[in-house]
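Spelled out from the first residue to the last, the chains are:
Protein chains: 2
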Amino acid sequence: MNEKNVSCCPVERLLGVVSGQWTAYLLWVLHQNGPQRFGALQKLIPGISTKVLTERLRMLEASGLLLREQAATIPPQVTYSLTPRGLELRALMDGLGDVARRWDAEGWRPPVR
Amino acid sequence: MNEKNVSCCPVERLLGVVSGQWTAYLLWVLHQNGPQRFGALQKLIPGISTKVLTERLRMLEASGLLLREQAATIPPQVTYSLTPRGLELRALMDGLGDVARRWDAEGWRPPVR
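Protein chains in written order, with full-length UniProt numbering: chain G, 1 to 113; chain A, 1 to 113.
Honestly, the hints are just simulated from the structure, not real lab data. Careful, some of the hints might be misleading.
It does not matter which identical chain is used: a pair holds within one copy or between any two.
[Unchecked claim] Cross-link-like lysine to any residue pairs, in silico, SDA-like; alpha carbons within 20 Å at most: (1) LYS43 to GLU12; (2) LYS51 to GLU61; (3) LYS51 to ARG37; (4) LYS43 to PRO10; (5) LYS43 to SER81.
Just so it is clear, the structure is predicted and the values come from calculations on it, not from any experiment.
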């Protein structure tokens with residue numbers, strides 16, 4: 001067994017936050033589209049429920065990857081954007097997009113579940 | 001809203017396969033450690049149940065990312081390894097490891113859930 005002495009714990013921790021289909025896609029959408037309002041995120045992520053989106057935004061905020069800004073307007077306007085740490089995932093997101101588009105062009109499709 | 005005209009569908013499809021927490025970690029482990037037997041994968045992925053590991057391996061095999069080889073031994077020995085397409089995720093996996101180790105060294109920890 002070709003076992004590289006890699007402490008996997010950091011990867012497990014990071015995956016605990018960023019993996020998960022909705023979360024990873026939410027990160028992708030924010031990387032592609034910049035700061036967004038809640039309603040816009042719901043439109044950009046078809047099928048995500050208000051509850052799940054709220055939870056994921058809170059978790060990403062608590063993880064230091066997301067900034068929630070509330071403007072002093074009436075009613076208050078809330079905008080979500082990636083923090084500098086969140087933006088550090090840029091290379092990963094771009095790599096994800098490259099693979100996805102290449103496989104798509106090759107006709108790769110996931111199995112029907 | 002800074003909307004880049006990016007067809008997100010391919011990314012959604014790819015994330016549908018690779019983004020689950022167990023799945024992403026399973027891919028990471030295979031990238032780091034090369035071909036593995038079922039039992040070895042269970043040891044390398046603490047906490048994963050036999051049922052979940054079996055499902056994920058079948059899904060990755062059906063997605064063309066994983067090869068299941070059965071040696072003509074008695075009893076038959078089954079080994080799992082990444083296909084050429086699965087190995088195309090190498091850059092993503094390496095990028096994931098780089099971010100995870102860097103954040104870990106900076107003391108980043110995910111929120112307790």
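Status of the hints after comparison with the structure:
| no. | hint | in the structure |
| --- | --- | --- |
| 1 | LYS43 to GLU12 | between (30 Å within a copy, 14 Å between copies) |
| 2 | LYS51 to GLU61 | within (15 Å within a copy, 33 Å between copies) |
| 3 | LYS51 to ARG37 | within (15 Å within a copy, 39 Å between copies) |
| 4 | LYS43 to PRO10 | between (33 Å within a copy, 17 Å between copies) |
| 5 | LYS43 to SER81 | within (16 Å within a copy, 38 Å between copies) |
The structure agrees with every numbered hint stated previously.
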